[in-house]
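Going down the list, the sequences are from chains A and B. So the first sequence is numbered by our numbering: it starts at 1 and just counts up by one. So the second sequence is numbered by our numbering: it starts at 591 and just counts up by one.
Keep in mind the hints are simulated off the structure, nothing from the lab. Among the hints, erroneous ones may be present.
To be verified - Pairs of lysine-lysine residues, derived as DSSO-like cross-links and limited to a Cα-Cα distance of at most 30 angstroms, are as follows:
1. B:K654 <-> A:K355
2. A:K341 <-> B:K654
3. B:K658 <-> A:K162
4. A:K533 <-> A:K549
5. A:K322 <-> B:K658
6. B:K749 <-> B:K658
7. B:K755 <-> A:K203
8. A:K216 <-> B:K654
9. B:K658 <-> A:K95
10. B:K658 <-> A:K216
11. B:K592 <-> A:K338
12. A:K204 <-> B:K654
13. B:K592 <-> A:K341
14. A:K370 <-> A:K249
15. B:K755 <-> A:K216
16. A:K216 <-> B:K651
17. B:K654 <-> A:K322
18. B:K658 <-> A:K355
19. B:K592 <-> A:K322
20. A:K294 <-> A:K435
What the hints assert, rightly or not - Coverage of chain A stretches by chain B, computed from C-beta distances (three or more under 8 angstroms per stretch; other residues unrestricted):
21. 145 to 151
22. 210 to 221
23. 331 to 338
Quantities reported herein were computed from a predicted structural model and do not represent experimental measurements. Ideal Cβ placement from N, Cα and C applies to all residues, glycine included.
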Amino acid sequence: MYHQHPKDAQQIGKMKEVEEQLLKEKGTKTLSGAEAVVKSLLVEDVDLMFGYPGGAIMPVYDALYDFEEELRHVLTRHEQGAIHAAQGYARATGKVGVCLATSGPGATNLLTGIADAQIDSTPLVCITGQVHSHLLGTDAFQETDVVGISMPVTKWNIQVTKAADIPWAIARAFYVAKSGRPGPVLVDITKDAQFGELEFNYKKCESIRSYVAQPKVNPHRVLEAAELINRARKPLVLFGQGVLLADAKEQFKSFIEKGDLPAAWTIMGLSALETEHELNVGMLGMHGNYAPNKLTNECDVLIAVGMRFDDRVTGDLSRYAKQAKVIHLELDPAEVDKNVKTDVAIIGDCKLSLKLLTDAINSNEHSQWKKEFEKLKIEEFNQVINEELFPSEDEPMSMGEVVNLMSEATKGEAILVTDVGQHQMVAQRYYQFKKYRSNITSGGLGTMGFALPAALGAKMGMPHREVVAVIGDGGFQMTIQELGTLFQTQAKIKILVLNNEFLGMVRQWQDLFFDKRYASTEMVNPDFQTIAKGYHLETKKVNKREDLKQAMKDFVAHDGSYLLEVMVGKENNVFPMIPTGASVSDIRLK
Amino acid sequence: MKREFTISVFTEDRIGLLNRVSIIFTRRHINIESITASESEVPNVHRYTIVICEHQDLVEKVVKQLNKQVEILRSFLHVNDEVVYQELALYKVPTHVLAEGGEAETVVRNHNARVLSVAPEYTIIEKTGHKEETQQLFEVLEPYGILEFVRSGRVAISKPMKEFKEYLSEIEVASAH
Ligand SMILES: Cc1ncc(C[n+]2csc(CCOP(=O)(O)OP(=O)(O)O)c2C)c(N)n1
Numbered sequence: 001m002y003h004q005h006p007k008d009a010q011q012i013g014k015m016k017e018v019e020e021q022l023l024k025e026k027g028t029k030t031l032s033g034a035e036a037v038v039k040s041l042l043v044e045d046v047d048l049m050f051g052y053p054g055g056a057i058m059p060v061y062d063a064l065y066d067f068e069e070e071l072r073h074v075l076t077r078h079e080q081g082a083i084h085a086a087q088g089y090a091r092a093t094g095k096v097g098v099c100l101a102t103s104g105p106g107a108t109n110l111l112t113g114i115a116d117a118q119i120d121s122t123p124l125v126c127i128t129g130q131v132h133s134h135l136l137g138t139d140a141f142q143e144t145d146v147v148g149i150s151m152p153v154t155k156w157n158i159q160v161t162k163a164a165d166i167p168w169a170i171a172r173a174f175y176v177a178k179s180g181r182p183g184p185v186l187v188d189i190t191k192d193a194q195f196g197e198l199e200f201n202y203k204k205c206e207s208i209r210s211y212v213a214q215p216k217v218n219p220h221r222v223l224e225a226a227e228l229i230n231r232a233r234k235p236l237v238l239f240g241q242g243v244l245l246a247d248a249k250e251q252f253k254s255f256i257e258k259g260d261l262p263a264a265w266t267i268m269g270l271s272a273l274e275t276e277h278e279l280n281v282g283m284l285g286m287h288g289n290y291a292p293n294k295l296t297n298e299c300d301v302l303i304a305v306g307m308r309f310d311d312r313v314t315g316d317l318s319r320y321a322k323q324a325k326v327i328h329l330e331l332d333p334a335e336v337d338k339n340v341k342t343d344v345a346i347i348g349d350c351k352l353s354l355k356l357l358t359d360a361i362n363s364n365e366h367s368q369w370k371k372e373f374e375k376l377k378i379e380e381f382n383q384v385i386n387e388e389l390f391p392s393e394d395e396p397m398s399m400g401e402v403v404n405l406m407s408e409a410t411k412g413e414a415i416l417v418t419d420v421g422q423h424q425m426v427a428q429r430y431y432q433f434k435k436y437r438s439n440i441t442s443g444g445l446g447t448m449g450f451a452l453p454a455a456l457g458a459k460m461g462m463p464h465r466e467v468v469a470v471i472g473d474g475g476f477q478m479t480i481q482e483l484g485t486l487f488q489t490q491a492k493i494k495i496l497v498l499n500n501e502f503l504g505m506v507r508q509w510q511d512l513f514f515d516k517r518y519a520s521t522e523m524v525n526p527d528f529q530t531i532a533k534g535y536h537l538e539t540k541k542v543n544k545r546e547d548l549k550q551a552m553k554d555f556v557a558h559d560g561s562y563l564l565e566v567m568v569g570k571e572n573n574v575f576p577m578i579p580t581g582a583s584v585s586d587i588r589l590k
Numbered sequence: 591m592k593r594e595f596t597i598s599v600f601t602e603d604r605i606g607l608l609n610r611v612s613i614i615f616t617r618r619h620i621n622i623e624s625i626t627a628s629e630s631e632v633p634n635v636h637r638y639t640i641v642i643c644e645h646q647d648l649v650e651k652v653v654k655q656l657n658k659q660v661e662i663l664r665s666f667l668h669v670n671d672e673v674v675y676q677e678l679a680l681y682k683v684p685t686h687v688l689a690e691g692g693e694a695e696t697v698v699r700n701h702n703a704r705v706l707s708v709a710p711e712y713t714i715i716e717k718t719g720h721k722e723e724t725q726q727l728f729e730v731l732e733p734y735g736i737l738e739f740v741r742s743g744r745v746a747i748s749k750p751m752k753e754f755k756e757y758l759s760e761i762e763v764a765s766a767h
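Turn these sequences into a full structure, and let the hints guide you.
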């Protein structure tokens, strides 16, 4: 859980344990900086990290060698793989993801993942090695100003040049990463700091005076919001990742159930509420469902919970929910009024504000209003969904039918990890989530190559869960090297590649908005089957519909990693769609 | 409508923070008219005084982004009549223009400027005031030949009586949770 303090007693116990062990081993608490890195991670309860070694971080790797049991390090095939794995781990477990890289190229290879974690509020601690402090600023071998480069995309970052500062910096890093609105933190440690010595006294960071992690909920705002909700005849709830980050599953459900409030999700909020729930009215935004997008411009009270009105969700802001009173439950004050002006903002942890709001609203019933969602849902089903999930025999296989079968085969109980593109939209539209916190995707940054390593990280964090990565043929090749990590770790993930031999999403835009001028979107692909075999991966390719069902069964049933490649329609488009610049209510079914 | 705002940012004393602050402006393509960094009356607390010309709603968003930074204690947004502010300008002019005729000397006196240093070839004049005032003196001196000119960023003190220390204790309570 992100928001609560770690069980202090347990933490202190752990700290003592580490310190006592040290005293026993060395007769002193003096450590090298590199050892202090490892010990600090242990005190922070880290047992798994992802990384890639190199010159400037070698002392830390050397220190890790003695702790292979307590602190497992997964060697990825690229630093981008390491950080996406750490993200997948963090998103699946709710814990802080940790990754390790060397200076220069090692550090810069982390940047895409750092930016991704920043925009998707994922708690990460990234530790990078840096050249010797006397070489800083001299363009030394593998020196980059990673603190400078990563500043706009980290919640906080720091360069440590003295061994004695290491425990302090790491303690602070963990606190910043996971408290409040989570985010990535980078700690850059010079090589001399890693070699230097210090007295190891780890003090967990529990507050920073310049940083308010948990703003207090204002009860007056709660009452104002409750009044608006009680008077509403057409309320609509929009929920985002904030519900998951606050771990407010039950509070959220009680809230919408008591008020009988239809609730629509952003892709970051997906799986906070099971798909089948009577009040779940579907996906918001560009490729979202027809009803919630249309009715955003008809509701009278819009209640946004832990979401940030991203442009992919709102479409044209000047024609977005102008008729509605807007209530925003949000932890980060900077998100309030950023894109959509609110009438009532309840700043604070939504686990608490939802509870207060639920207490303050009347039990209600909105059957008339809910029927409007039903009506539009049927329209969308008839015009889009039916054909996507059950295409006629003469049509090529569609992404929707594959995802639908996968959803059935996994009983909606898997952790779904998606890459970026058409398959991402389709998978999230059609997977029938039964379990909480089960959707992992690159939402804000849209990072192709995210899914494969993120799925690996998710699986290592939640070994008892089935993890399925749905990936396009384009994105697969962006981090395909991580099949090597998969083989080395023997993690068991299922990889479903939906191969349309195109950069599908871009091709769709070319089709719709650029006169079908398919500039650089056609993919001449390698034989993924051969590649998979090279990595000793069970694999199967499906070309024909009649083989699909059985293949899907085998895919899910297999005890081990598996690559299932399905050849889908080359030029299928994802609908509905809100073209860029259009209003949510101008959503197109065709 | 764009107007002039003074933002006072109180921060911890930490390397790199200025970069973090300026990124927030450059990201949104906001031109910083001036920026001044200094210590404050509270030990280990630094303050930046930033002047920008922008729309109010945009500036408010920027201030929230500033406040969100882990090591920024608090930022305050002020329009000009909520602060007392000054800038300092230095003018280097040829000494002979002051010596001859005495006209330039009157100019200096009338503008409440003062002579900081006199060398045989040049004289350095200092004036503090609002930008319009230091600019006015610039324009008056220009015909005599200005050899060098520099103007500092704005420093500003807010009019309300609440001390930053009070804010600080509020922040400390809120951050301790
Ligand atoms: C790293 C990166 N580069 C480029 C893009 C732009 N982009 C978005 S979707 C897409 C196509 C993805 O193609 P593919 O992985 O085959 O998935 P599909 O859309 O066909 O399902 C591209 C190129 C991106 N999101 N990320």
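Outcome of the hint check:
1. B:K654 <-> A:K355: Satisfied, since the Cα-Cα distance of roughly 26 angstroms is no more than 30 angstroms.
2. A:K341 <-> B:K654: Cα-Cα ~15 angstroms, so holds.
3. B:K658 <-> A:K162: 28 angstroms, holds
4. A:K533 <-> A:K549: The given pair, whose Cα atoms are some 22 angstroms apart, holds under the 30 angstroms limit.
5. A:K322 <-> B:K658: 28 angstroms, holds
6. B:K749 <-> B:K658: 25 angstroms, holds
7. B:K755 <-> A:K203: Holds. B:K755 to A:K203 sits at ~27 angstroms (cutoff 30 angstroms).
8. A:K216 <-> B:K654: Holds. A:K216 to B:K654 sits at ~17 angstroms (cutoff 30 angstroms).
9. B:K658 <-> A:K95: Holds - the C-alpha atoms of A:K95 and B:K658 are around 22 angstroms apart, at most 30 angstroms.
10. B:K658 <-> A:K216: 15 angstroms, holds
11. B:K592 <-> A:K338: Answer holds: B:K592 to A:K338 is near 18 angstroms, not above 30 angstroms.
12. A:K204 <-> B:K654: 28 angstroms, holds
13. B:K592 <-> A:K341: Distance of about 20 angstroms is within 30 angstroms: holds.
14. A:K370 <-> A:K249: 22 angstroms, holds
15. B:K755 <-> A:K216: 21 angstroms, holds
16. A:K216 <-> B:K651: 20 angstroms, holds
17. B:K654 <-> A:K322: Since the Cα atoms of B:K654 and A:K322 sit roughly 24 angstroms apart, the hinted pair holds (cutoff 30 angstroms).
18. B:K658 <-> A:K355: The given pair, whose Cα atoms are some 25 angstroms apart, holds under the 30 angstroms limit.
19. B:K592 <-> A:K322: 25 angstroms, holds
20. A:K294 <-> A:K435: 27 angstroms, holds
21. 145 to 151: Three-residue rule met by the segment 145 to 151 of chain A, so holds; n is 3.
22. 210 to 221: It holds, with 7 qualifying residues against the three required.
23. 331 to 338: holds (count 6)
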